[in-house]
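Keeping the supplied structure of chain A fixed, place chain B upon it in accordance with the hints.
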Amino acid sequence: MKQLSSLTAGVLLGAALSGCVTSTVDEMVFEEPTEGIGDASVVILGRRHAPDYETEPDFIDCLGNHVMRGDQSITVMDEIEFLNELYPWFEPRTAPLHPDHIEVMLQHRAVQAKAQELNLEYMIWVDGSTVRTDGAGSMACGIGPGGAGCFGFGTWGNDSKYEATIWDFTNRAEVGRVSTTASGQSYMPAVVVPIPIIAPVQGTACDGIGDQLLQFLSANH
Amino acid sequence: MSGSMISAERGARLILLGCVLALAACGPNQVKVDGNFPTPLMDPLPVTMGIYYDDDFISHEIFDEAKSRTESDWVVKTGDAQVAMWDTLLTGMFKRVEHMRFRPEPDKMNQAVDAVLIPRIEELQYAIPAHTNVKVYEIWLRYRFDLVHVNGDPIAGWTMTAYGKTPTAFLQSDEAAVNLAAVMALRDAGANFATGFPRIPAVKTWLDSRRVQPKEAAP
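Protein chains in written order, with this note's numbering: chain A, 2 to 222; chain B, 3 to 221.
Same shape as in the complex, but just chain A (with noise of 0.2 Å):
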């Protein structure tokens, strides 16, 4: 009972603690596996040759978990490994803007005998980032012999926009594309100790194009 209590009252403090954040997600799919994707494996890249700005390796790293979470029986490959292993096709210089571009370097025996040897059966593209918008308020700390702290208050948002292109690797084809926006606002009061109140924008985006994915890929959901 006393453990259930404390449960509770952490996920109030928690709930509490977080930032509120909205979100949409919009999925469009034209060849889904009926069947999953059996013992094939996949991978999530992100896109990197925009100027200024690049998918988060943190963001791709989440997406791979989600789906490894939501079925077990999925393989995600590592982004920095299937970079490495298949340098340098998938550099933001060199990387397939287009499903046609794979056969171009499957040309390559060593690049073909490679991707047999990984199963690869779909490769998923990530574009979009996550940039903090506007920002108030102000903080001042200080310390002293008696102690330290800070007083003051800050505020600032968030937002999220990300797009994922699914590629039939085995087919050159493109199968689907998933794309979210979330965006939200964070608080941070501080009176002695600074109390933040995140809101989890990228997170919340992970989730919701993670849930689209792991429908395509798992017979399971």
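By construction, these hints were calculated from the structure, which means they are not laboratory data. Keep in mind that the hints are not guaranteed to be accurate.
To give a feel for the contact side, a few chain A residues facing chain B, derived at Cβ under 10 Å [claimed, not checked]:
{"#": "1", "residue": "85"}
{"#": "2", "residue": "86"}
{"#": "3", "residue": "88"}
{"#": "4", "residue": "92"}
{"#": "5", "residue": "109"}
{"#": "6", "residue": "130"}
{"#": "7", "residue": "174"}
{"#": "8", "residue": "177"}
Chain B stretches covered by chain A per the calculated footprint, using a threshold of three residues with CB under 8 Å from any CB of chain A [said to hold, decoys possible]:
{"#": "9", "region": "43–53"}
{"#": "10", "region": "186–196"}
Nothing here was measured: the structure is a model prediction, and the numbers come from that model. C-beta atoms are modelled at their ideal positions from N, C-alpha and C, and glycine is treated no differently.
Chain B in isolation, oriented as in the chain A frame:
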């Protein structure tokens, strides 16, 4: 008396430590580029390629003097990382790679190879958020390549650029971010070279003359 001596000594030490830290803070930001570079996944060209790095290449570094009192000097050393990356890349691109003892010239006794590649760094530029107000660290490189016969006769000469960037990250120092941007730039240089080498017109002519048919590179 003895207590005041000890505290005076301790005070002097603290002042000395403070001075050392203050002087260290005034020193330049130094980055010795360090990273792991993967072997390229491609069918090696049936060519024995010689490689010659001159001293400027092996010990390449740039020194950028601060332009105002609020900025710091920067030293970015790329020499070791350049050699590591190009050795790994070329070993994967060609059937055999030899490091030449001397710069290819008519009267130098060098190893027998089909051609010698001589890379040079013509320019390196970097940008940090303090310079540009954009939350991205960037490194830009321009290389000059000469492909020559063992006796020094030219086969081809061309320039190539490479670019690497990394966004600002929480708890990441300027030095770590510049290092990561430089590693990305070196990876980009390797990717650009590996996919573009057979398409350099003079190189293509030379490969055709040797009846080497490279696979088409990615668009």
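Structure-based check of all given hints:
{"no.": "1", "hint": "85", "result": "holds (4 Å)"}
{"no.": "2", "hint": "86", "result": "holds (7 Å)"}
{"no.": "3", "hint": "88", "result": "holds (4 Å)"}
{"no.": "4", "hint": "92", "result": "holds (4 Å)"}
{"no.": "5", "hint": "109", "result": "holds (5 Å)"}
{"no.": "6", "hint": "130", "result": "holds (8 Å)"}
{"no.": "7", "hint": "174", "result": "violated (18 Å)"}
{"no.": "8", "hint": "177", "result": "violated (24 Å)"}
{"no.": "9", "hint": "43–53", "result": "holds (count 3)"}
{"no.": "10", "hint": "186–196", "result": "holds (count 6)"}
Checked against the numbered hints given earlier, this structure breaks hints 7, 8; the rest are met.
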